[in-house]
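Trainee: Sequence:
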Amino acid sequence: MFPTTTTTIAAATAAEATRVQRDAAKAAQVQRDREAIEAYNQRKQVLEHAARERKLRIIWDHVGTWREFRGAVSVALGPEAGTKTDTDHLADIRSRYEEGRALAYWSDGSMRKEDKYDLLGAGVAWEQSVCGRWRWMSERYPLGVNSGGVTDTELSGILGALRLAVMRVQQDARIKLVRIFSDSATVLRGLRDGTLFDLGPAIPGPGGWAIQDVYQIADELAAKHVALELVWVKGHALSEGNQRADAAAAEARRMVRLPAGQPRFVKKAEVPMSITLRGSDAVEEWFWRVNKDRLLRGEEEIDDDSDFGSDDMDISDGDEPDTE
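If you count by full-length UniProt numbering, then the sequence shown holds residues 1 to 324, one letter each, in order.
Incorrect hints may have been included.
[Said to hold, decoys possible] Label-pair restraints from in silico Cβ distances: (1) Y40 - K176: 52 to 60 Å; (2) Q216 - G100: 20 to 28 Å; (3) A223 - M137: 22 to 30 Å; (4) D281 - D23: 44 to 52 Å; (5) A91 - K176: 13 to 21 Å; (6) G100 - I37: 54 to 62 Å; (7) N41 - D281: 23 to 31 Å; (8) A24 - G64: 54 to 62 Å; (9) A260 - R67: 40 to 48 Å; (10) R133 - R254: 26 to 34 Å; (11) E16 - F265: 41 to 49 Å.
[Stated by the list, open to error] Calculated lysine-lysine pairs in the PhoX-like style (CA-CA distance at most 20 Å, straight line): (12) K292 - K44; (13) K292 - K267; (14) K84 - K234; (15) K44 - K116; (16) K292 - K116; (17) K113 - K292; (18) K116 - K267; (19) K224 - K176; (20) K268 - K55; (21) K292 - K268; (22) K292 - K55; (23) K44 - K55.
These are computed hints drawn from the structure, not numbers from a lab. Because the structure is a prediction, the values reported are computed rather than measured. Virtual Cβ for every residue (Gly too), placed ideally from N, Cα, C.
Produce the entire structure from the sequences given, and follow the hints as far as they go.
Mentor: Shown next as structure tokens:
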């Protein structure tokens, strides 16, 4: 039996109605997606602006508003940069370097996402004369989970090199020059121009922010009449020191322990006491870093009693960056 004209028309009408409903649903979903993206971008702009203002206040409080970095900074970008070896980088100080009157360090940072967590580490490499032979040495600095960004790791690498250098200077008065190589043009230019708005990782423990200690050690070296030079070196090129620092930073990152269980929203009540003691901006900065992805998605803290000062949170891998 063939369908009647009435049946055919009814079927076509139903099909058209279904198509219209489907198209309307798609259009509504597209609109919802567009609104969600716009809301995300607006929220991101507001939160990142607040973070920038907060970091500026921390820098002004702990470093100063117009504090000069007491070191010479060289960022020589160009096609020939990738062709230089460590021999080239040390050519102008070779005799002082081999006699122990000048020190050279290579620093690097590393960050990688694993299981929805950002793992951070920094490393330093240098040569040391052992029984008349030069041997490569390295230090690794695990920097915790969700404690910052790539630039924070690079700044921590430079700080690690500065700490090693100042210890050597205290032991040997002959040292009058410290040269540190870094492949982070952003950090070096920021220190040179006074425009660095990165603090270093937000990790619990004694002391303050990495940027504060970088300025402080630079001042200490200047007071001892030791020249400090920060020199840009092209990463992953012909510098063995950079390659070894990169490897040390990656090792440090792999040493960071992932928190147990699934990622969750971390409350302000879980802010470590050592972070709380740095002030309210430090608390907000730590809270922002450990919850960044969730805050950007619009999640909010619920039932927070604002009882700052817990030391039970293991989100930042202990009290102090480990070294080996």
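Trainee: Against this structure, judge whether each hint is valid.
Mentor: Results for each hint:
{"no.": "1", "hint": "Y40 - K176: 52 to 60 Å", "verdict": "holds (53 Å)"}
{"no.": "2", "hint": "Q216 - G100: 20 to 28 Å", "verdict": "holds (25 Å)"}
{"no.": "3", "hint": "A223 - M137: 22 to 30 Å", "verdict": "holds (27 Å)"}
{"no.": "4", "hint": "D281 - D23: 44 to 52 Å", "verdict": "holds (50 Å)"}
{"no.": "5", "hint": "A91 - K176: 13 to 21 Å", "verdict": "holds (18 Å)"}
{"no.": "6", "hint": "G100 - I37: 54 to 62 Å", "verdict": "holds (59 Å)"}
{"no.": "7", "hint": "N41 - D281: 23 to 31 Å", "verdict": "holds (25 Å)"}
{"no.": "8", "hint": "A24 - G64: 54 to 62 Å", "verdict": "holds (60 Å)"}
{"no.": "9", "hint": "A260 - R67: 40 to 48 Å", "verdict": "holds (41 Å)"}
{"no.": "10", "hint": "R133 - R254: 26 to 34 Å", "verdict": "holds (29 Å)"}
{"no.": "11", "hint": "E16 - F265: 41 to 49 Å", "verdict": "holds (47 Å)"}
{"no.": "12", "hint": "K292 - K44", "verdict": "holds (10 Å)"}
{"no.": "13", "hint": "K292 - K267", "verdict": "holds (12 Å)"}
{"no.": "14", "hint": "K84 - K234", "verdict": "holds (9 Å)"}
{"no.": "15", "hint": "K44 - K116", "verdict": "holds (19 Å)"}
{"no.": "16", "hint": "K292 - K116", "verdict": "holds (11 Å)"}
{"no.": "17", "hint": "K113 - K292", "verdict": "holds (13 Å)"}
{"no.": "18", "hint": "K116 - K267", "verdict": "holds (18 Å)"}
{"no.": "19", "hint": "K224 - K176", "verdict": "holds (8 Å)"}
{"no.": "20", "hint": "K268 - K55", "verdict": "holds (18 Å)"}
{"no.": "21", "hint": "K292 - K268", "verdict": "holds (13 Å)"}
{"no.": "22", "hint": "K292 - K55", "verdict": "holds (15 Å)"}
{"no.": "23", "hint": "K44 - K55", "verdict": "holds (16 Å)"}
The structure agrees with every numbered hint stated previously.
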